[in-house]
Amino acid sequence: MKGTSRFFLAIFLVLICFGTENGCHKTQEETNRRDESESKLSGRFFLSIWMDSTGGSGSKAFLAIVIYFEDLSCVTCLNNLLDLSDSLQSNHENVMLLVARTQDTYVLQRRRMEAWCWANHLRFPLFLVSPDSLKQNLVGRTSVALLDSSGDVELFESFPLSAVLSKYIIRKLRE
Amino acid sequence: MRYRILQIVLLALVYVNLGLFGQTDRNNKIALTEVLTIGDTLGSTFSEVGDIAIDSQENIYVTDRYQFAIKKFSQNGNLLAEYGKRGKEVGEFQSGPARIELSDNSVAVSDVGTSKIVLLTKELQPTGDFNTVGPIVDIAQFRGDHICCSVLTLSGDASEILAVYSKNGEVTKRVPVMDPSSMTTLQVLWLCGDHMNGLIAAYGFRNRIMVYDSSMRLISSFRVTGLPDEAPTDTIAEGKFGVVPKLELIRAVAVYPDSLIFVLGGDFSSHPSRDVYVFDYRGNLLETCLLPHETGLLYIDAKGFLYTREHDKTLIRKYRMKLSNRYKEKVVK
Chain F
0 MKGTSRFFLA IFLVLICFGT ENGCHKTQEE TNRRDESESK LSGRFFLSIW MDSTGGSGSK
60 AFLAIVIYFE DLSCVTCLNN LLDLSDSLQS NHENVMLLVA RTQDTYVLQR RRMEAWCWAN
120 HLRFPLFLVS PDSLKQNLVG RTSVALLDSS GDVELFESFP LSAVLSKYII RKLRE
Chain H
0 MRYRILQIVL LALVYVNLGL FGQTDRNNKI ALTEVLTIGD TLGSTFSEVG DIAIDSQENI
60 YVTDRYQFAI KKFSQNGNLL AEYGKRGKEV GEFQSGPARI ELSDNSVAVS DVGTSKIVLL
120 TKELQPTGDF NTVGPIVDIA QFRGDHICCS VLTLSGDASE ILAVYSKNGE VTKRVPVMDP
180 SSMTTLQVLW LCGDHMNGLI AAYGFRNRIM VYDSSMRLIS SFRVTGLPDE APTDTIAEGK
240 FGVVPKLELI RAVAVYPDSL IFVLGGDFSS HPSRDVYVFD YRGNLLETCL LPHETGLLYI
300 DAKGFLYTRE HDKTLIRKYR MKLSNRYKEK VVK
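Sequences listed follow chains F and H, in order. Per numbering that gives the first Met the number 0, the very first residue in the first sequence carries number 0; after that it's consecutive. Per numbering that gives the first Met the number 0, the very first residue in the second sequence carries number 0; after that it's consecutive.
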């Protein structure tokens with residue numbers, strides 16, 4: 000996708016979030032759909048990246064934050080993500096960021112995302128992942144996946160998250 | 000012998016003619032000489048240049064959304080100051096610095112995707128902020144306590160697209176625009192102030208350029224011949240937010256100090272992001288020139304230097320421009 004196309008998409012997302020009062024809040028219907036798809040979401044995808052790349056034992060709960068950068072033009076989603084990340088700093092060894100690849104070169108996108116993470120105090124392991132493989136695993140938006148100590152997906156949700164959900168994630172990672 | 004002399008004379012005539020035509024052709028071109036580059040293709044200095052502005056000392060101000068930073072460079076490219084802070088307090092950005100504009104002693108920077116404008120000193124110390132009526136597309140003509148802003152209207156009210164704001168966020172003047180789209184997503188309007196305190200506004204997805212005087216009265220309006228009237232769109236939902244343009248018609252607009260309008264062509268130009276259409280203030284096309292590299296923005300400072308953003312938005316180039324004398328006749332005083 001070209002840069003301008005990303006811009007158009009970003010505009011659309013901004014407007015959706017700005018223009019409709021509950022633009023970024025999920026409806027009951029969406030939540031139901033999510034519940035259905037959650038059962039199909041495999042923890043193996045996240046677990047394999049986590050264990051291959053970080054050498055993690057997989058014996059503790061961990062959180063994968065998936066980022067489609069253009070989604071973050073939605074300021075509500077961005078603030079929600081950054082607020083959650085701020086709260087997770089003390090548990091940084093249990094969190095990883097998976098960023099969907101764009102058409103930028105790998106080196107450039109990696110530099111951009113590292114700069115963005117640094118500027119926003121996100122000190123988690125960062126991986127660039129093909130959007131195709133994310134979508135094959137039913138992750139089409141900026142989301143979180145919480146995996147329990149056995150590697151099963153305990154919770155999978157798109158941003159913005161509710162306060163209750165955020166607190167739940169923080170509590171689970173601190174256990 | 001006579002045949003030989005005739006041959007030499009004919010050759011001399013051909014050479015002289017070629018020389019004259021060549022000279023004429025060169026006069027039609029805008030000659031660019033690169034004088035400065037800041038950044039590199041690897042993104043070591045800038046992750047993504049958002050916008051640039053130049054002050055009267057030729058200092059260069061650059062926004063970078065990924066680094067969450069505004070950087071100030073000297074005219075030689077040395078970093079002088081840097082600022083950027085995330086937050087919701089005064090002077091802080093929620094999602095990162097985007098468009099930038101200078102006044103005599105202040106800097107105004109919009110926040111990506113929001114209606115917020117942060118105000119800073121020239122040394123990049125925050126002094127305040129205010130909000131517009133919708134997500135900001137572009138800002139320009141920052142004079143004293145007032146600044147022009149184009150926004151995406153959430154209400155659909157076209158009179159809100161372009162307005163002059165005071166530093167406390169009050170709309171002091173609504174500026175009428177021509178042919179506004181009812182679709183909010185097609186209301187993207189690029190702005191550029193000129194040295195006579197006038198304003199140039201160009202739609203990103205519609206073929207329409209508007210020229211305003213210092214009182215924000217429309218003095219002329221024109222289109223780029225050869226480009227379509229409107230960008231093609233995809234309809235993805237009902238309502239004014241449900242249309243997404245597929246391609247961009249006009250990517251940027253800038254003004255040369257002698258009152259020439261430079262319009263950077265988008266996806267419909269022969270050379271997207273490189274073709275620059277040069278108009279006078281009446282809308283007469285004087286020339287189309289080709290930039291050496293693709294750019295996403297154009298900026299021309301008070302001395303006539305051209306600045307571009309190249310190589311995946313990772314570097315800034317400054318060019319000395321040499322215009323032919325015939326442009327002087329076209330200048331509107």
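Please note that the accuracy of each hint is not assured.
Chain H residues, not near chain F, derived (Cβ > 12 angstroms throughout) [claimed, not checked]:
id	residue
1	Ile53
2	Tyr65
3	Gln66
4	Ser94
5	Gly95
6	Val111
7	Cys288
8	Asp311
9	Thr313
The following label-pair restraints were derived from C-beta to C-beta distances [stated by the list, open to error]:
id	chain 1	residue 1	chain 2	residue 2	range
10	F	Ser86	H	Pro291	41 to 51 angstroms
11	F	Ser132	H	Glu57	13 to 23 angstroms
12	H	Asp178	F	Asp147	51 to 61 angstroms
13	F	Glu113	H	Val34	38 to 48 angstroms
14	H	Gln124	F	Arg43	47 to 57 angstroms
15	H	Pro231	F	Arg173	44 to 54 angstroms
16	H	Leu41	F	Asp147	52 to 62 angstroms
Please keep in mind that the hints were generated in silico from the structure rather than gathered at the bench. Built from N, CA and C at the ideal position, the CB exists for glycine as well.
Taking the hints in turn, this is what the structure says about them:
1. Ile53: About 23 angstroms separates H/Ile53 from the closest Cβ of chain F, which puts it past 12 angstroms; holds.
2. Tyr65: violated (4 angstroms)
3. Gln66: Given a closest Cβ separation of 5 angstroms, the condition is violated.
4. Ser94: violated (5 angstroms)
5. Gly95: violated (8 angstroms)
6. Val111: It is violated; H/Val111 is separated from chain F by about 7 angstroms at its closest Cβ, not greater than 12 angstroms.
7. Cys288: For H/Cys288, whose nearest Cβ neighbour in chain F is about 21 angstroms away, the distance exceeds 12 angstroms, so it holds.
8. Asp311: violated (6 angstroms)
9. Thr313: violated (7 angstroms)
10. F/Ser86 to H/Pro291: 41 to 51 angstroms: holds (48 angstroms)
11. F/Ser132 to H/Glu57: 13 to 23 angstroms: About 48 angstroms separates the Cβ atoms of F/Ser132 and H/Glu57, which means 13 to 23 angstroms is violated.
12. H/Asp178 to F/Asp147: 51 to 61 angstroms: Cβ of H/Asp178 to Cβ of F/Asp147: about 57 angstroms, so the range 51 to 61 angstroms holds.
13. F/Glu113 to H/Val34: 38 to 48 angstroms: violated (31 angstroms)
14. H/Gln124 to F/Arg43: 47 to 57 angstroms: holds (51 angstroms)
15. H/Pro231 to F/Arg173: 44 to 54 angstroms: Between H/Pro231 and F/Arg173, where Cβ atoms are some 51 angstroms apart, the hint holds.
16. H/Leu41 to F/Asp147: 52 to 62 angstroms: violated (40 angstroms)
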